[in-house]
Each structure stands twice: as C-alpha cells, then as structure tokens.
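*Asks:* These are the residues of each chain, in order.
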Amino acid sequence: MSAAASIGPGANNASITPKRGYSREQWESKLDSVKVSKANLNALVMNYLIIEGYQSAALKFAQEANISSSVALDSIDDRMQIRAAIHAGAIQEAIERINDLNPELLDTNPELHFSLLRLQLIELIRKCTASPNGDIQPVLSFATTHLASRAQKNPVFLTDLERTMALLCFPQDSLAPQLAELMDPSLRRQVAARVNEAILEAQGVMREAKMRGLVRLWGWAENALRQEKVDFPSLDLKNIA
Amino acid sequence: MASFSHDPATKVQQSSVTTTVTTPALAGHPDEFFVPKYLASTCYADCVANSAAQLASQTAAQTRGSPGSSTTSSRSTFGLLDGETTPQLYNHSDSSKHSSLVRGLSGFQAFDLPESIQTTPGDAPPHLPSCWSSEGVSQSMEIFGDMLEVKFAGPPAKGNEQEAAAVRANHPIPPQCGLFYFEVEVLSRGKDGYAFPLPRTSTSVFERDDPIINERSFIGVGFCGPKVQLNKMPGWVSDSWGYHGDDGNTFACQNSGKQYGPTFSTNDVIGCGINFRNRTAFYTKNGMALETAFKDLKGTLYPAVGMRTIGEHVRANFGQRDFVFDIESYMREEKAKTYMQIHAFQPPLELLGGRSSARADTAITQTIHKLISSYLAHNGYVDSVRAFAGDVQKEANAFSSPKSVEDGDVKMGESEIAEDLEAINRQKIRAAVMEGNINRALKLTELFFPKVFEDNPEILFQLKCRKFVELMRLCALAKKSEYTEDDEMHDVSNDDDTDMRDAEFRATPNLADLLNESIRYGQKLHESYRNKNFPSSTTDVQKALNDIFALMAYPDPINSAVAYLLAEDGRAPVAEDLNSAILVSQGKSSVAKLERLIQHTTMLMRELAEQGGQSAFVNVRHDFLAP
Numbered sequence: 001m002s003a004a005a006s007i008g009p010g011a012n013n014a015s016i017t018p019k020r021g022y023s024r025e026q027w028e029s030k031l032d033s034v035k036v037s038k039a040n041l042n043a044l045v046m047n048y049l050i051i052e053g054y055q056s057a058a059l060k061f062a063q064e065a066n067i068s069s070s071v072a073l074d075s076i077d078d079r080m081q082i083r084a085a086i087h088a089g090a091i092q093e094a095i096e097r098i099n100d101l102n103p104e105l106l107d108t109n110p111e112l113h114f115s116l117l118r119l120q121l122i123e124l125i126r127k128c129t130a131s132p133n134g135d136i137q138p139v140l141s142f143a144t145t146h147l148a149s150r151a152q153k154n155p156v157f158l159t160d161l162e163r164t165m166a167l168l169c170f171p172q173d174s175l176a177p178q179l180a181e182l183m184d185p186s187l188r189r190q191v192a193a194r195v196n197e198a199i200l201e202a203q204g205v206m207r208e209a210k211m212r213g214l215v216r217l218w219g220w221a222e223n224a225l226r227q228e229k230v231d232f233p234s235l236d237l238k239n240i241a
Numbered sequence: 001m002a003s004f005s006h007d008p009a010t011k012v013q014q015s016s017v018t019t020t021v022t023t024p025a026l027a028g029h030p031d032e033f034f035v036p037k038y039l040a041s042t043c044y045a046d047c048v049a050n051s052a053a054q055l056a057s058q059t060a061a062q063t064r065g066s067p068g069s070s071t072t073s074s075r076s077t078f079g080l081l082d083g084e085t086t087p088q089l090y091n092h093s094d095s096s097k098h099s100s101l102v103r104g105l106s107g108f109q110a111f112d113l114p115e116s117i118q119t120t121p122g123d124a125p126p127h128l129p130s131c132w133s134s135e136g137v138s139q140s141m142e143i144f145g146d147m148l149e150v151k152f153a154g155p156p157a158k159g160n161e162q163e164a165a166a167v168r169a170n171h172p173i174p175p176q177c178g179l180f181y182f183e184v185e186v187l188s189r190g191k192d193g194y195a196f197p198l199p200r201t202s203t204s205v206f207e208r209d210d211p212i213i214n215e216r217s218f219i220g221v222g223f224c225g226p227k228v229q230l231n232k233m234p235g236w237v238s239d240s241w242g243y244h245g246d247d248g249n250t251f252a253c254q255n256s257g258k259q260y261g262p263t264f265s266t267n268d269v270i271g272c273g274i275n276f277r278n279r280t281a282f283y284t285k286n287g288m289a290l291e292t293a294f295k296d297l298k299g300t301l302y303p304a305v306g307m308r309t310i311g312e313h314v315r316a317n318f319g320q321r322d323f324v325f326d327i328e329s330y331m332r333e334e335k336a337k338t339y340m341q342i343h344a345f346q347p348p349l350e351l352l353g354g355r356s357s358a359r360a361d362t363a364i365t366q367t368i369h370k371l372i373s374s375y376l377a378h379n380g381y382v383d384s385v386r387a388f389a390g391d392v393q394k395e396a397n398a399f400s401s402p403k404s405v406e407d408g409d410v411k412m413g414e415s416e417i418a419e420d421l422e423a424i425n426r427q428k429i430r431a432a433v434m435e436g437n438i439n440r441a442l443k444l445t446e447l448f449f450p451k452v453f454e455d456n457p458e459i460l461f462q463l464k465c466r467k468f469v470e471l472m473r474l475c476a477l478a479k480k481s482e483y484t485e486d487d488e489m490h491d492v493s494n495d496d497d498t499d500m501r502d503a504e505f506r507a508t509p510n511l512a513d514l515l516n517e518s519i520r521y522g523q524k525l526h527e528s529y530r531n532k533n534f535p536s537s538t539t540d541v542q543k544a545l546n547d548i549f550a551l552m553a554y555p556d557p558i559n560s561a562v563a564y565l566l567a568e569d570g571r572a573p574v575a576e577d578l579n580s581a582i583l584v585s586q587g588k589s590s591v592a593k594l595e596r597l598i599q600h601t602t603m604l605m606r607e608l609a610e611q612g613g614q615s616a617f618v619n620v621r622h623d624f625l626a627p
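Protein chains in written order, with this note's numbering: chain A, 1 to 241; chain B, 1 to 627.
Just chain B, same shape as in the assembly (with noise of 0.2 Å):
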C-alpha cells in the first residue's frame, strides 16, 4: 500500500485515495477484462473475446440443461468485441442475461470472467496495465483519481541527486496485445522544478534553444522490469527505460543519457508504444510521434512514471480515454506489415495434399472447396451440397481440353450418395427444432439414428426442456392473443410452421387445455429427472429444470425476467447439440472441418503471439470472422 504525506492539505485527496483503492471506478479489479479500442484486432483481444465466449457458452449450456463441453457456443456476447452485428438467426436468447456481463466503457469494453470460469487455468488471458500500482511505492507519492494519477507530495529527496520515486503500472503489458501504448498528461510540472540543480552533465542540452525554463520537468515517462526498486527515475538503473522532461532525453538502463527529443512540462502530454513487433518503443509528444528510442527490448515491462520534486502531478491514460496522439492508424500500420509477410508465403503442398504439379493456389482452392462442402454436409444443408458442387462442375467443364478437369475437386459421387440420405436426414430435424415442433424431432431422430438418445441422454433431457419451454411459449402467446388483438399475434398463427405442428400443437390454442398438458408435461419430467444426473457432462440438471419451471411463476411469461427462455433463438443452440450428438452417432466428427481450421488457426497464433511478435497482430476471429 502505498503511503501518503501528513500534509493536512491532502487529507481530502486522502480519504479519495482509499476508496479508490478498495473499489476502483473502473480499472484494477481482478476479474474484468479492459481492451481498449487500438487493441481489438490483435491476438490479446481475441483471447479475450474467448474468455468471454466460453463463459457465456457455459452458462448458456446450463441454462438449456446441455452439456458445459458442449462444442456448440452461445451466440450472444462475444461479437462485441470486434464490432460485429449482432447475428440474427442465431444470436442466443440470453444475451439480455449476459449484458450486465459486459459493459461498454468509452471506447472500451469489459467483460466479467468471474473465478468459476471453467477453463484450463492456463488459457485466461492476462490482464493488461490498467492504473498505477501503489505497492513498494515511495511515501512521497501519492495516488489517486481512479488510480491514474500520481502527485508527488515530499518531502524531496535530500543530497543524492540521484534520488527520485516512480510508480508503475498494476500489471506488466502483455506480449499478446502485439503494441501497448499509454499517454502521461503532465498535470503540473511541480513548483520548484527548474530550479532544481542540473541532475546530469554527461550529454545533458539543458540550455537548448528555448528560454522558458518552465518548459522542463523532472518528471520521466517510461517502463520498467518486475524487479526494479522505484526509488530511481524510470531508465537510470538497469531493467528500465525512461525519457525526462528536464532534457528530453532517453535513458535505457544506465544513468547516462541520450540526446532524444523537446523537453516536457506542464499541459504536454506524453505518450509511450512499446512494440513487441520488432522489440523497440518509441514516444510521443502532444500527438506527434517521436522517432525510436529503444530497441532490442526484453523481459516483462510494467509502464512506470518517476518524478523528483514536490507539486509534479500526472495523470496517465491507459486507454480509457481517447488518446491525443492516433494510435489506430499506426496499429493499422503494423498490422498490414504483418499480413504482408503472411500473404508472401506460400502453404506447402505436402500440408494441402494437392497434386506435386499443381500450383500452391489451385490446391488451395481446392483446399477450400472441400471445406466447404463439407461444412455444408455437416450442417446437413444438403441442396447446398448439390449446389456447390453443380457450380464446381460447371467451372471446371468450361475448360475445353479435358487435362484441365482438376482431380480432386469436389464432385457429386457415388459414396456422396449415401452421406447425401444421411444429411437429409438431419436437415429434417433440423429444421423441426427450429420451427419448436420439438415432438417431430423426437420421433425423426429415433426413427433415423435410434442410437442417439441412447448414448447421449443429455441431449435428451435438453430436448424434453425445450419442448417444455415451447409449451410455455405457446401458451404466453396464446394468453396474449385472448386478450389483445394484436397484429404480432396474426403474425405468428400465419407462421408457415403453424401447418407442420403435430396435431397437439395445431388445434387452436385452448388456454386452458394448453397450460394443463404443459404443466402435466412438467410434472413429468420433474418425475423422471429429478433425481437424475448426467455423471459424464457438467449438465446441472436440477439448475436446468429450476430456471425453466420458472416459466410456470409468471402469469405473463413474454414480459417477464425469464423471457430469454422463451426467445426463438434459443433453437438453434438445441438443434446444433442434436445434429453434433448425431454426427458423432454416425463415426463422424462433431464439428466440421472448417471450424477446425479456424480453431487450429487460432490457437496457432495465440502460442506464437505469446511471445510477442508480429503474431499478435493477428486477431483471427476479427479478421476473417466478423461479417
């Protein structure tokens, strides 16, 4: 903790001081994410993103009695973070649910990952450099403001020269985010600060062009490692790097300095990038970007600030505030750097299977049309299937000379007939899920893959509960239609869907009748699973059958807490679960093989931007993901 002065004068800021700490406005709390704007298309941003995915799949998968392993994931809250639309069809109910979860600050966004995340420990992404940290902090310094602001209250440092007290930042920047990047507003430059006796003669210009001495301050910007003692100013001992305001000078882990930059002082506003790119940071002044200044930079580095005379006061920006200088465009930049170099190597053929002759971009459009289609089977869209292949066809007939029929290109054959049937199939269930005939999909799925059921209870149990829920759904409805008459009520009774219910569901919608037999189908299966666990799958069923039967407590469901639950987005969450627990049923892979690529991409880049590096320019949900 740190320490403050005893001067009376700063009881005020004192008492600030401490609330802050227990209870910071907005920076500093274990458990949320910050990504700042600059950072959304970097690989940080994108485990980040992840985080947050897992973690509303989680709940979702409670929410809808499936399992926590669940390949399928909630479709709610993660677009967010790269600013992609909302998707419509398959966007999850919850997401009012999840909202609380993620708040938008200005040009910010945070995400919640409470403790309970279940996730390997290792793959939650560190936290980025929010606020200053008050630990092993001189008593001369004082925090405050949101922990972003530093003063230095006294008494000065007598006789050594060399003395001075800096503060660094709550968390060491992350290797991940590719760039960070901080701005220092210099509050005020201290009352006696050019007064103060020249700290260095080495290669000091403290004389340099300009007259107004109070152009200077002795207040340094820069970073430091985990280890350096913060009673020197940031880049005048070893493991840390500064540039002073008194001479504008850059110190990289020694006391001398090197000629740099203007002088800083009171209103400048100093901004600091490191960039694990190419190990080198570089600063800024009042928005103009200064030149390089240092390079081959290594080792864990927390942004830091050092000051040496009373009444200098800063306040830093980590990114929750606009920054003076346009940091975006120089992220661009990079990134374009990066991809440049990415788009200059060409995949291996050994990697792609095409043909030894065939050129690296004819295999990859190979590559592709087969990930494609077999996307498109796995999702049982089958004219999709015929389609692409027709048009695959039609391409390569174009060519006249018959050589020129590429071998290995996706074609209707006669062992695509049979998966054909199967996908078919699927799609039919598919598509009773998601018109809520709940009871179609039960008897399809036990006519065509009697396994499934079997093997996969839960997906059973999740079934059942959304059959329930749609029981429920029919009758907030139907309530609605008694008493009003709505036109959203016409809407829905002239659903196509409405013909293809089975005959329960078809009749017109007797209120009574209707919530008899859903709360007698909620009896039932209250009856049968009360007691009932899935030991192989984090299922919490009694969680589940709790948060439906829910429903049952409101006379008016539709504009009730609960009403997530009855959204028609909660069907495609259900429907994927089943066509996965088939596709496996069936020796088949639940997910398909592009989503694999994604994955594997994905992951690919996280441990090669671990280190840094260009990689983590690369945000690959942002950059081929979003619509």
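Chain A on its own, in the form it takes in the complex (with noise of 0.2 Å):
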C-alpha cells in the first residue's frame, strides 16, 4: 500500500487507481508474508472443537499438540448428549435434558423453544405419515396443547405453526420445495446448533466458534474484491487434501 494512499469511492475510483491484479505467483507470494503463528492457528482449530462439541478430538488434541485449555473439556458433554438427542430427533429428552442443565434457558428464549417444538411436531408428522394408516391424533394434540397457545401470541410462530400442519396434507415423496425442508434432517443441525449456541451464551461463552466467522470473512471477502474489479486467484477450499 502506498503511503499516500487515497479515500474515495472505491467503485467510481478506476479512473484514478489503475486496475490492480495479481497474477497467482504474485498473490502466493503475498500470502506467504502473512505470518500466522502455530499457537494461534491451535487456538483456532480448538475453539472450534470446543464449543462445537467434539470432545474426543478436543482432549486428544490439546495432548498431541501439548495445549493447556482453559475451558474445562468436561463441559462439552453435557452440550454433546443435548446435540446428539436432538440429531436422532428426540426432542423431548433433548428438551428434559436442557431443562436439567440450565431450568431458565428455553422460558428465556421463546424462540429456541417454539423451534424446539416444532421439530418435536414434525418427527410426530415423519412417525404419522410413515405409514399409510398412521394415527393422526398425537400430532393434533400435541400441536393443540403445545404450539397453537404460542402461536396465537406470535404471528412468526403462527406461519411456522401452518406451514408445518400443512405436512399432513401432502404425500411425503412430492413435497413443495418449501415443506421438504422441514422434513430435512438440516433442520435438526440448524436447531440443535442454535440450542448450543444458547448454552454457551447462558454460560458467558462467545457463541459461534471464531472458525465460522472466518469463514464467512473470507466468503464476503472473495465477493467485495471481485466487485472492485481487483484481478486475484480465488482460494480453492473445494479439494482440502
């Protein structure tokens, strides 16, 4: 960067900065000036490990790579039989289990507990509508006692609550785009990784693992340079060897 480098719309700027590119021998030997240091690359990979909940890999790590955490490793179990109950969608022992570890956090957050409930209704649905002469009836009491109180306070919840009772109408095998989402074990991830999230929040943890954000940065980033119509080798993250 040159030490009187100017301030000025980057976009409307090309007829002042000339088009910068770099050819990939030139970018590679930029990156290479960018020191990372080893303990701070291990701190990233733990941070990850830790609040994402991979045990295992988290102790064997923290002795191969010799790292003393700060965090109690212990503590990821508990977050871990939470994520794994929810994963196999049982969501009533997940629920019972948050309940145990922290009684405040789903009265604390209606939304996380909606949207735990309503995963609990749709594993109902996948039961129901597994078979072709599947009980209906706990699927409409458990929507009628649990969610339609809820919902009537809460146009959002309503939405969610009609879109999923709309499950029952429709053949599994031919769902809307839109419905087959909800059938899609990634809304049980998405759950169970917001559930965490809160977990660790309630527990003055950060709540996503800086690992996430990186990659994010590095999405937005690869899209801002582009736009600027600087010429760079994007990052190949496809093939990780």
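In case anyone wonders, no lab produced these hints; they're calculated from the structure.
Note that the structure is predicted; figures quoted are calculated from it, not measured.
Hints should not be assumed to be uniformly reliable.
Over the 10 Å line for every Cβ pair with chain B, so calculated as not near, a few chain A residues [claimed, not checked]:
1. CYS128
2. THR129
3. ASN133
Quick partial rundown of chain B residues pointing at chain A, CB under 10 Å, derived from the structure [stated by the list, open to error]:
4. TYR339
5. GLN341
6. THR365
7. THR367
8. ILE368
9. ILE372
10. SER374
11. ASN379
12. PHE388
13. ALA396
14. GLN427
15. HIS600
16. GLU610
17. GLN611
18. VAL618
19. PHE624
List of simulated lysine-lysine pairs, DSS-like, C-alpha gap at most 25 Å [to be verified]:
20. A/LYS210 x B/LYS394
21. B/LYS464 x B/LYS443
22. B/LYS588 x A/LYS30
23. A/LYS38 x B/LYS588
Virtual Cβ for every residue (Gly too), placed ideally from N, Cα, C.
Using the hints, put the two standalone chains together into the complex.
*Replies:* The following block contains the structure:
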C-alpha cells in the first residue's frame, strides 16, 4: 500500500487508481508474507472443537499439540448429549436435558423453545406419515396443547405452525421445496446449533466458533474484492487434502 | 524547517525545538510505528503487527540458520499488539532479544522496523500522523514539545483578515486505519483573540447566546490535503476542512461557514474524527461528541490546526496519551456495524464446493471439518485426526435416516490410511525434535524420508546447529548440577524424555566428557560449513555459526546474554521447518490449508482496506486468532 493512499469511493475510483491485478505467483508470494503463529492456529482449532463439542478430538488435540485449555473439557459433554438427542429426533429427551442443565434457558428464549417444539411436531408428523394408516391423533393433540397457544401470541410462530401442519396434507415424496425443507434433517442440525449457542451464551462463552466467522469473512471478502474489479486467484476450498 | 520568531523571550523554547526536531522523543522517527490503543483492532494494526512478525521471523531464522523465506514465523513479538497472551509452547526463545525492539509507551505500541527488513517494499505499512510537521510552516508559528505543541508567536497577519497560519501533521492518515481521531487542547486563546475584528459576516453567529467573550478563540481544528498552502485557516480554501473556535462554524473547502457547534477557547479539548467507512468527519468538545460535520470526504488527508492571533497555543494528542473522548466505544460500534454486514452475507456455494442442494451453513460446516482434519494431519497429530473423524461420524450417525449422512464430510477412508502412516512418521520426528533429541530426528528423517536432506541442505544444517545447541544445553545443565543441589536440576533429570535420549545423552553427564564432545562436534560443524552458503536461501551460515559458537564463550551460558539460544522454545521452529520440508518432499503444500485461508483472507481484507471502507475495521489477526 502506498504511503499516500487516498480515499474515494472504490467503485468510482477506477479512473484514478489503475486497475489492480495479481498473477497466482504474485499473490502467493504476498500470502507468504502474512505470518500466522502456530499457537494462534492451534487456538483457532481448539476453539472450534470445544464450542462445537468434538470432545474426544479436543482431548487428543490438547495432548498432541501440548495445549493447556482454559475451558474444562468435561463441560462439552452435556451440550453434546443434547445435540445428539436433537440430531436423533429425540426432542422430548433434549428438552428435558436442557431443563436439567439450565432450567431458565428455554423460558428466556421463547423462539428457541418454539423451534424445538415445532421440531418435535415435525418428528411426530414424520412418524405418522411413515405408514399409510398412521394415527394422526397424537400430532393434533401435541399441536393444540403445546404450539397453538404460543402461535396465537406471535404471528411468526403462527406462520411456522401453519406451514408445518401443511405437511400432513401432502404425500411425503412429492413435497413442495418449502415443505421438504422442514422434513430435511438439516433442520435438526440448525436447531441443535442454536441450542448449543444459547447454552454457551448463557454460560458466558462466545456463541459462535471463530472458525465460522473466518470462513464467512473469507466468502464476503472474495466477493467484495471481485466487485472492486481486482484480479486475484481465488482460494480453492473445494479440494482440501 | 520552521522559522521562529526572534523574540528573546522564546529563545529557550527555540533551542528545545531544535533538539526535538533532530531527536523526537516518541514520534516521527522514520523507523517506528505507533499504533494507538483505539486502532488495535483495525486492518492497519494487523499490517503493522505483521511487519513486526516478519522482521522477528527473519531475525529468528538467521539465528537458527534456517532460510529467511521459511514459512514458519517467530512466535515472539507480534502478539503484543493484539494484547494476546504470549503463546506458551511456541513462544520463540529470543523474545528477550526482541524486547528492545518493541517498546510499550502509555497506551501505545511501538515497533522498530529497520530499513533492512526484507519485505516487498509495498508491504510496509504507511505511518500514522504522530506529530506536527514544520515543513512549509509560516514564520509566525512555533512548534515544540515533542512537535505536539504549536504557538502563534506573531507578528499577526496584517491587512488581509483572511491571513492565518496553519500546521499539518507529519503523515497523511492511512485509510487502512478505518477511523482516525486526534484531539487538540487549547492551552491559550491568545492575548487579543476576541478583540480581533469579525473575520466573516456570512453565517457568523458571533454574538450568540454566551456573554463571556473569552470563550472564543481564533483557532481552527481540521484537516487538509497535501498541496494546501499553510497560510489560511483549515476549511477556508479548497481541499481543507475545519471547525473554528470563534463562531463554532464548520468550513468545507470555502470561506463561508455552516453553523455547527459551540465556540471553543482556553482549556477546551477539541477532538476530530475522520471515518473512512462512510467518509464523514465529526468533532468532539471536551469529550462530548458533536454531530457529523463533513460528508463525502476524499483525497489524502492530514490533520491540521490553524491560528490567527498572538499567544494562541495548542497541544495535540495523536494517541500518545489517553483521549478525553471515549473513542474506543465509538470504534467498537463501527466494528459491530461492519460485522453485521459481513455476517449477513452467505458465501456462495460454488466457492465451498458443497452439494448444490446443500444449505450454506452445512457447506460451511463441511469445509471447516476438512480444514481441521487437514490441519491436524499436516502437523502429524495422528490421534487427533482419528478422534475428530470419529466424533464427526458419531454426530452423523445420530441421524436416523440414511439420507442424512452428509456426503463430503470428513471420514477415515482407505486413502487416508497411507497418509496416516506418513503422518505418524512425521509425528515421531517432530516429537524427537521437541524433546531435544536431534540425533533421533536425524536418523528417523533419513529412514523415512531419505530425500529431504538431499533436497534441503539448509534444513540439515539447521538441525545440526540445534544439535550443537542441545549439547551445550546439557553441558550447562550438568555444570549447574555440579555446583548446586538445585530442585530445578531434579526436575530436568526427572523429565520423561531423559529416558528416550540416545546413549550419548543418557549417560550420567560427565561434564568433562560432555564438554569435550560438544566442542568436538562444534569443530566438526565449523569444519564442514566454514565455506558453505546456500545460494537458494537467505540463510547466513556464518552468522548462524557465530551465534551458536558464542555459547562456548560463557562459563555459565544459562545466565548469559546468549541464554535465549538455549531455551527449549527454540525447538518448535526447527520442528516446524523440518515438518514443512518433509511435506514439500512428499509433494504437499508446506502450509496447511487452514493457514492459507487465514493468509488469503488477511490479504483480501488488506486489499479492500487500502481505500478505507468498512474492511478497515476488520483485523483478522485480532478478531479471529487472538486467544
């Protein structure tokens, strides 16, 4: 960067600043000049393993890389059992475990509570529609007792509930994409991740692993610099050996 | 150079000015970088920290005899900037050596970057404004007190009431800092400030509400471009902007003002902030923020202050001392705004290579898993790779439906087994270096990766140097145990790794034998490398040899000036370089993809921040890497 770099709207600046571009070689040599310490890299990885709850990996890594971790590794366990329960679709078990761990968590996070209950409803629907003569009664009674009262107070909840109930009307193999999304297991992942974040936040730990922010920043920056019409080789994250 | 008034009363100050100009106490030295605390989390601070790290790693590389282009970095100094705790394991041994280069001033970090720094010239960060410059300044102005104080000594401008005198800072504001803030304290409003005739009639509200006339001063605080003549108040001419103390008006490149804020005078502190995210500027008075003063700023900008009457006297603070205004909170808010935008952006799937139907967050998760897995393998943390794959598998298994096992996530497949073996071997070699058993590392490397030393003679040299250092270390420890029954020595001999040393190390250290052996080894080393140099690398073989041979000159090297050479911390960089060399010899990248991602993102942000903009508020090192 030049000592007298001037400011000016990047996009309209093309006439003043010559268009920049880097060959792969030039770019790589610029990258080599960025110094990253091993301790920092290790901390970044450890942060991910702990926050996202990869307990045995965190333990091994702490040993092999000789890291003394400040966060007690056992604290991962509760979070992971909750996550596993949500992933497996055992939402009732998950809710009970959450309440054991932190009785106030769901009371203070009505949206999180609702999304868990809705997930539970989806699991009931999944069970009911799996067989041709499935009993619809448990679905209806669960929706009335647990979700309807909450949905009345919140229009967003109401829309979500209506959309979920629509699952009952269509055959499972020909759902509209919007509805298919609800049946996709990735919804469990999403809810599980949000529960994990909420627990961490309640424990005073940062919500999100730094690695996620880093990957998002990278995606944003690649896009932003392309828009500035700067030529550079993209980072290939498709093939990571 | 500034010229000074010939008033004898100012003689003393004059002489102090002269010395200040030649040896400024804390600012303006061309080789020093100052980063005020409020800028610590900006892209600019990252650039400065990286330059310091580069320098440190070069110095370290020279010392341990490794190529200067080595991909590993010194673990010593650059952490200071982000306030991160010094890394324990990898803290490079010679931090004591560098400590003289990194001096902490109150709320300030300074980095010496000698001219010899071998970086691409364009990579050295620009300087921040740190004091006033005497260049082109009118004779009526005196600059003194570390070049931070300015006094209007006269004679007053005659006739033309537009005449004034201004000074500007020594450097323009680098847009990479995102926001630059400085404060000007009015020490004196001057002898006849208020008696001076009204400068302008346009929108002046000179007789506005306050009756006490001496709350006004003919001082203007602002900024200007590089070509602006310093004989007008900032704001009165094109390419200059200012907030004036007589009427409280702001002036943007013209001599008619706009009603803005209160007037200011003696004892008031006026702050000026230039925000490169939205290209605006604002002022503060005595710690209270005033509204936005200017918009659509462009060009190269220098902080500036202007004066008109005798006795006016101000002192600037470019971050050397604490500010009256809470600029750090302001910075945090700006940073939060930036991250809100970044977080709202979903990385395009084609960059991540996820399934087209996959959700972006699933694709990100898979990418992160692959990054971690490859990072662990890269470092030869074999058990961790396995444990991680197991954890991921367990997570996937939790889903009942078979469809849910995401393809493309980390698994331990057939192809990994072969790599696994290679990683295990690298792990053994690393462990040997880390416990100081260089002989074992040499043997294992030749056994498993016979071509490495052939292709990288400088790595072999580096290991041999380290072997000599380890021998000297044993001598020093043995010497210590002979004289003292120190607990410390017991600790050392009880270390697990003692058992794993080769025979020559294991024997109860007989000091004389050990010393003889060490010196013989040193002679051999000297013999074989005396006239050698590695043309392909920047390693200074002779300097590296001289450095380590200095250990022999001290009877008690552990308490000597060269003790840093003996520290165990010095092993990690050697292990690192050897690991990288092995990876390259196996046709792999010497840098893990995760590290590449950080480097790539840092460079993207740096490119983006060059024009200012919100990217300047992102400091990858500070925001993602500091523990």
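*Asks:* For this structure, which hints from the list above don't hold up?
*Replies:* none
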